[in-house]
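First to last, the sequence lines map onto chains A, B and C.
Heads up, the first sequence is in my numbering, so the first residue is 1 and it goes up one at a time.
Heads up, the second sequence is in my numbering, so the first residue is 1001 and it goes up one at a time.
Heads up, the third sequence is in my numbering, so the first residue is 2001 and it goes up one at a time.
Please keep in mind that the hints were generated in silico from the structure rather than gathered at the bench.
Accuracy of the hints is not assured; some may be wrong.
[As the list claims (entries may be wrong)] What the simulated footprint calls covered on chain B by chain A, stretch by stretch (three residues with Cβ under 8 Å from a Cβ of chain A suffice, anywhere in the stretch; the number is not a length): (1) 1163 to 1174; (2) 1184 to 1198; (3) 1229 to 1239.
As the structure is a computational prediction, the values presented were derived from the model and not from experiment.
In this text, a Cβ means the ideal position worked out from N, Cα and C, and glycines have one as well.
If you want the building blocks of each chain, they are given just below.
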Amino acid sequence: MTDAPAIDVRDLVVRYGEHVALDGVTVTASVGRLTAVVGPNGAGKSTLLNAVMGEVRADRGTIEVFGASGPRALRRVTWVPQRGAVDADFPVTVGDVVRQGRLRHAGWFRRFSRDDHEAVRAALERTDIADLIDRPISALSGGQLQRTFLARALAQQGDLYLLDEPFVGVDAATERAIVEVLRELRDGGAAVVVVHHDLGSVPELFDDVILLNRDVIAAGPVSTTFNEANLQRAWGGRLVVLREPTAGAS
Amino acid sequence: MTGAILAERTLEFVTFEYAFAARALVASVLVGALCGLVGTFMVLRRMSLIGDAAGHATLPGVVGAFLVTGSKAMAPLLAGGLGTALLATWVVERVAGGRRTRPDAAIAVSLAVFFGLGLVLLSIAQRSPTAAQAGLNGILFGNAAGVTTPQLVTLSVIALTLAALVLALVRPLTVATFDPSFARAAGVPLHLVRAGVTLALTLAVVVSIHAVGVVLVAAMLITPPSTALLVTRRMPSALAVSAGIGAASGAVGAWISFVVDGVSTGPAMVLVASAAFALAWVFAADSPVRLPRRAARVTS
Amino acid sequence: MTIARHILAGLAAVALTLGLVGCRSGSDATDNGRPVVVASTTMLADLATQLGGDDVVVRGLMSPGGDPHLYQPTPSDGRAIASSALVVRNGLQLEGWIDDLLENAGGERPIVTASTGVEPLTKADGTGRIDPHFWMDATLWAGAADEVAEGLYAILDDEGDARVRARLEAYHAEIDALHAWITARIASIPAPQRVLVTSHDAFGYFGAAYAIQVRGLVGISTEQEAGQRDVAALIEFVRAQALPAIFVETSVNPALIEQIGRETGVDVAGPLYGDSLGAADGPAATWVGMMTENTRMIVESLGGTWEPFAGADA
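Work out the full structure: start from the sequences and follow the hints.
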């Protein structure tokens, strides 16, 4: 493991035509931390992840992943998409999707090695979908589909995990399962960065937070950074904060 | 037509009594299989009609090549057709890949522009003083019955090469089609893959026009894959079934054209492929048509 | 994305320019004081020229080698008709596209249907489709000449009429001589070989007038597509007749006839002028040239004796 942060973004500007999605963002994400990226709609959260992935081109600024940039940097990156982003009617089974995670390892032509098969099996077990291995993804529930993509990410055995709103529309059991897996990954020394939609659960789930609204409003450990002042700045003063009695979990 | 005549003609068909019919059969089978194979990727990307755009976009290239060379020699005409078809599909990919125009609109625009340009060139060719523009239409409305041995050799080489490439690269092709972002992250050169599939599709269209004509090429690129997707669950079998249905449509279509008076091979092929789709749609596992004997097997 | 935009803009500009180039400037119904006659096919344009001479300006809608069954008219054709004094068309359902064109051109002018008075042949298989290729029979073409002359009388003055009458008489003499000559030449083909196999049924009238059996691969209109059975049937026919040659045509795709030639080993001759005259600098630039050239190719390939047509004085 190098000393370079998992993600090192400096002065990143991304434009879609006239619209400026990210306006000079400078931020880092570290290994061994669970980092949330939060912000209002249109803040550029997905754009930030897309820029790290090379999906969108940066107009200005630099992006380094473990100290490297360009396509080679992505070797250690694992991507878990938004659930709606992928065609659920595609003719693939759960097993096919998870096996895609081994593409870099097995290459385009070689048969799967024993390590490949083992990684796939372990990933399926870990996400509790081993019995679904031959099921077409069109027949999965939302939670099962999300676990499938998570299993694919696990099979990849990367060092940086990027997840785009993984908890949207999943049942409580799946949410708990995903959180456990992410914690295990973090404890194993990976960096986990999650675009997250539910502010209420940030303090409970994450170590670090990045408050984004086209620019970095604040970034750092949740305990010091995730406060009302920063939230109000991020949401432009249009956020209503309801304080719940802290007794009992949600 | 009596049963005796049907039997007699079918016997002629299977014993390759006529060389031209044997070539028509081989050409139809290859075209069906090739279009079924390559078309699957476009159908999955929800860009089914891009084959239609490519086919229609051969017109300006073919007519343009004729106007420039003054002759109807096959090689320059096909080269011209291939050139404009590639340009048209490149335009679709570039325009559709952006955020401002949806893929279906991009396909429609490209088809309209290129085919419109082709029609303008055609009317110029119609007015040209040389009496040689006869049969330019024939290039677009190909007839399997007219396939020559050199054309068949070209078709075979291209079809088998493309099929081999698709089968060898099925893993990255599947991932690139299913989840482009993940594929890019996994090191698949997405631009190259897209360009490769587009080139394969355009080549398939240009060599298939001889056998089925431009209007029907689009049908052969869409119908067998759509049928396959109704009855298979995984990618390798979807590709195999699509190619198989395409090939079978070609064979049966060629047989129909051979035994029935006045039916051209291309339309016959498309009708067979469409019938296969209709059957699959009715009888496939999750069909909305409930047939009496299936009622007991309805599960959640 | 800007690259694609530039290319699309460029293509649109090219298309627009070509569209404008395709336009011809209109004029009134006369050209340098001479009335304008618009004719649909190249054969009719030639006929109008033969009879009208310098007294008219003839504009043909189609070009040599074009296919009148499949022709797509353009707005400039509409303009040409709108600025004409007389329209000459074939009739017998050859030009499916001309009725709309005439209606949309507006205005009024005499319309000559050259096939008026012709007893049409129908297709041999009993479908009842009318065969429009009547120009293949010289005696029927003589009738067309009379029709066109009537149209010319209507738009010229008395002196012009007199000139047309003189030309008509001379042309009739030539047509009569041509008819006799063709009859003799075709008769010189040995009877078993006197069969004309072509791309489509364009030579029905020719066969009836000059006693030669004709057979086309597809029917009367080239809009039909041949199936494999049609090709097989024609192969059997060619083999059974042991023909020395089969023929392609100028305005039809030759691929299938060539295929039959390959399969049977029979020579592929031609191209015959079926639906259109030949290039303006070639031997079939006029209707007389077309008929003599066709006859020459038929006679030479099927084993008859050849001598050139000597004109009306022969």
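Status of each hint after checking the structure:
1. 1163 to 1174: holds (count 5)
2. 1184 to 1198: Result for this restraint: holds, n = 5.
3. 1229 to 1239: Since 7 is at least three, the answer is holds.
In summary, the structure agrees with every hint in the numbered list given earlier.
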